[in-house]
Amino acid sequence: MTRRVFISYQHADQMKARGLNLMTYNKNVNVDFTGRHLLDPVKSQDADYISRKIKERIKGSSATIVLIGKETSQSDWVEKEIQWSKEQGKGIIGIRIDPDAPVPEGLTEYGAEILDWNKPADVNQFDDAIERAIAATSRGTRMPMNTPTTCGR
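Number 54 in full-length UniProt numbering belongs to position 54 of the sequence shown; there are no gaps in the numbering.
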């Protein structure tokens, strides 16, 4: 099933975001999703307006992919997109596009699965990881990894 996926990225990684979006057209790569993104920037300096546009894209998606580059963990916009995705109950995965890039705090807190763009085995797992992230949200509120539950058991 083709999923609609919001692609979150730090501006310096825009070409990788375009590449991820283009993978869906490559018959030799096993990915099947429709990218929702802001690859063409919103023509505004109004942060509230930009926020509304991003939230609209996230709302129309099943999951969010966060591309993790060298500067991603320092991006306020990426952190906001992770938070808005959580608030809307979306599945979230991270794809490390730089092997040394630190994982954004929001992804770590969420317990998101992190894949590696540079490992062919991981690239072939993008679709499965999206499905796992979506399935995890249907089981209820997502708890960060290694967090004790409050159910009293």
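Please keep in mind that the hints were generated in silico from the structure rather than gathered at the bench. If you're wondering where the values come from, they're calculated on a predicted model, not measured in any experiment. Fair warning: there could be bad hints in the mix.
[As the list claims (entries may be wrong)] Computed Cβ-Cβ distance ranges for the label pairs, DEER-style:
{"#": "1", "residue 1": "Val103", "residue 2": "Met15", "range": "29 to 35 Å"}
{"#": "2", "residue 1": "Ala12", "residue 2": "Glu131", "range": "41 to 47 Å"}
{"#": "3", "residue 1": "Ser44", "residue 2": "Lys119", "range": "19 to 25 Å"}
{"#": "4", "residue 1": "Ser44", "residue 2": "Asn124", "range": "17 to 23 Å"}
{"#": "5", "residue 1": "Ala135", "residue 2": "His11", "range": "30 to 36 Å"}
{"#": "6", "residue 1": "Pro120", "residue 2": "Met15", "range": "27 to 33 Å"}
{"#": "7", "residue 1": "Ser51", "residue 2": "Glu131", "range": "27 to 33 Å"}
{"#": "8", "residue 1": "Asp122", "residue 2": "Gln14", "range": "26 to 32 Å"}
{"#": "9", "residue 1": "Lys119", "residue 2": "Ala47", "range": "35 to 41 Å"}
{"#": "10", "residue 1": "His11", "residue 2": "Asn118", "range": "29 to 35 Å"}
{"#": "11", "residue 1": "Ile114", "residue 2": "His11", "range": "33 to 39 Å"}
{"#": "12", "residue 1": "Asp100", "residue 2": "Arg52", "range": "19 to 25 Å"}
{"#": "13", "residue 1": "Tyr49", "residue 2": "Pro120", "range": "17 to 23 Å"}
{"#": "14", "residue 1": "Val103", "residue 2": "Tyr49", "range": "25 to 31 Å"}
[Unchecked claim] In silico EDC-like cross-links for lysine to aspartate or glutamate, where the CA-CA straight-line distance does not exceed 16 Å:
{"#": "15", "residue 1": "Lys86", "residue 2": "Glu109"}
{"#": "16", "residue 1": "Lys70", "residue 2": "Asp48"}
{"#": "17", "residue 1": "Lys70", "residue 2": "Asp100"}
{"#": "18", "residue 1": "Lys59", "residue 2": "Glu105"}
{"#": "19", "residue 1": "Lys70", "residue 2": "Glu87"}
{"#": "20", "residue 1": "Lys16", "residue 2": "Asp98"}
{"#": "21", "residue 1": "Lys70", "residue 2": "Asp116"}
{"#": "22", "residue 1": "Lys86", "residue 2": "Asp46"}
{"#": "23", "residue 1": "Lys86", "residue 2": "Glu71"}
{"#": "24", "residue 1": "Lys55", "residue 2": "Asp100"}
{"#": "25", "residue 1": "Lys86", "residue 2": "Asp116"}
{"#": "26", "residue 1": "Lys80", "residue 2": "Asp116"}
{"#": "27", "residue 1": "Lys16", "residue 2": "Glu56"}
{"#": "28", "residue 1": "Lys80", "residue 2": "Asp98"}
{"#": "29", "residue 1": "Lys86", "residue 2": "Glu113"}
{"#": "30", "residue 1": "Lys119", "residue 2": "Glu87"}
{"#": "31", "residue 1": "Lys80", "residue 2": "Glu109"}
{"#": "32", "residue 1": "Lys16", "residue 2": "Asp116"}
{"#": "33", "residue 1": "Lys80", "residue 2": "Asp48"}
{"#": "34", "residue 1": "Lys55", "residue 2": "Glu71"}
{"#": "35", "residue 1": "Lys119", "residue 2": "Glu131"}
Ideal Cβ positions, reconstructed from N, Cα and C, are used throughout, including at glycine.
Now the hints, each set against the structure:
At about 21 Å, the CB distance of Val103 to Met15 disagrees with the hint of 29 to 35 Å. Against the hinted window of 41 to 47 Å, the Cβ-Cβ separation of Ala12 and Glu131 comes to about 29 Å, which falls outside the hint. For Ser44 and Lys119, the hinted distance range of 19 to 25 Å is not satisfied, since their beta carbons lie about 38 Å from each other. Checked against the given bound of 17 to 23 Å, the beta carbons of Ser44 and Asn124, roughly 38 Å apart, lie outside it.
The hint said 30 to 36 Å for the Cβ distance between Ala135 and His11, and at roughly 31 Å that hint holds. A hinted range of 27 to 33 Å for the beta carbons of Pro120 and Met15 is inconsistent with their spacing of about 20 Å. Distance hint check for Ser51 and Glu131: the Cβ-Cβ separation is about 28 Å, which falls inside the suggested range of 27 to 33 Å. Asp122 and Gln14 have their C-beta atoms about 21 Å apart, which leaves the hinted 26 to 32 Å range violated.
Between Lys119 and Ala47 the CB atoms are about 36 Å apart, so this pair conforms to the stated range of 35 to 41 Å. In this structure the hint that His11 and Asn118 lie 29 to 35 Å apart at CB is violated, the actual value being about 21 Å. In this structure the hint that Ile114 and His11 lie 33 to 39 Å apart at CB is violated, the actual value being about 21 Å. Between Asp100 and Arg52 the beta carbon distance is about 34 Å. The supplied range of 19 to 25 Å is therefore violated.
Separation of Tyr49 from Pro120 is about 40 Å and departs from the stated range, judged on CB atoms against 17 to 23 Å. Range check, Val103 to Tyr49: about 29 Å between beta-carbon atoms, so the 25 to 31 Å window is met. The hinted pair formed by Lys86 and Glu109 meets the criterion: a straight-line CA distance of about 11 Å does not exceed 16 Å. Simply put, Lys70 and Asp48 have alpha-carbon atoms about 26 Å apart, too far for the 16 Å limit, and the pair is violated.
With a C-alpha separation of about 7 Å, the suggested pair Lys70 and Asp100 falls inside the 16 Å cut-off, and the hint holds. Restraint check: the Cα-Cα separation between Lys59 and Glu105 comes to about 22 Å, which exceeds 16 Å; the hinted pair is violated. Taken as a hint, the Lys70 and Glu87 pair is broken in the structure, with Cα atoms around 26 Å apart against an allowance of 16 Å. A threshold of 16 Å between alpha carbons decides the hint, and for Lys16 with Asp98 the separation of about 10 Å falls inside it, so the pair holds.
Taking the CA atoms of Lys70 and Asp116, the gap is about 14 Å. The hint holds against a cut of 16 Å. Taking the CA atoms of Lys86 and Asp46, the gap is about 23 Å. The hint is violated against a cut of 16 Å. Distance hint between Lys86 and Glu71 is unfulfilled; the C-alpha atoms sit about 21 Å from each other, more than 16 Å. Between the alpha carbons of Lys55 and Asp100 the distance comes to roughly 29 Å, so the proposed pair goes past 16 Å and is violated.
Restraint check for Lys86 and Asp116: the C-alpha separation of about 22 Å exceeds 16 Å, so the hint is violated. A threshold of 16 Å between alpha carbons decides the hint, and for Lys80 with Asp116 the separation of about 22 Å lies outside it, so the pair is violated. With a C-alpha separation of about 22 Å, the suggested pair Lys16 and Glu56 falls outside the 16 Å cut-off, and the hint is violated. Among the hinted pairs, Lys80 with Asp98 is inconsistent with the structure: their alpha-carbon atoms are about 21 Å apart, more than 16 Å.
Distance hint between Lys86 and Glu113 is fulfilled; the C-alpha atoms sit about 14 Å from each other, no more than 16 Å. The hinted pair formed by Lys119 and Glu87 fails the criterion: a straight-line CA distance of about 31 Å is larger than 16 Å. Annotation: proposed proximity of Lys80 to Glu109 holds, straight-line Cα distance about 13 Å (limit 16 Å). In summary, the hint linking Lys16 to Asp116 is supported, as the alpha carbons are separated by about 13 Å, within the 16 Å threshold.
For the hint pairing Lys80 with Asp48, the CA-to-CA distance comes to about 12 Å; that is within 16 Å, so the pair holds. Between Lys55 and Glu71 the alpha-carbon distance is near 22 Å, which puts this suggested pair outside the 16 Å criterion. With a C-alpha separation of about 19 Å, the suggested pair Lys119 and Glu131 falls outside the 16 Å cut-off, and the hint is violated.
Violated hints, in rising order: 1, 2, 3, 4, 6, 8, 10, 11, 12, 13, 16, 18, 19, 22, 23, 24, 25, 26, 27, 28, 30, 34, 35; the structure is consistent with all others.
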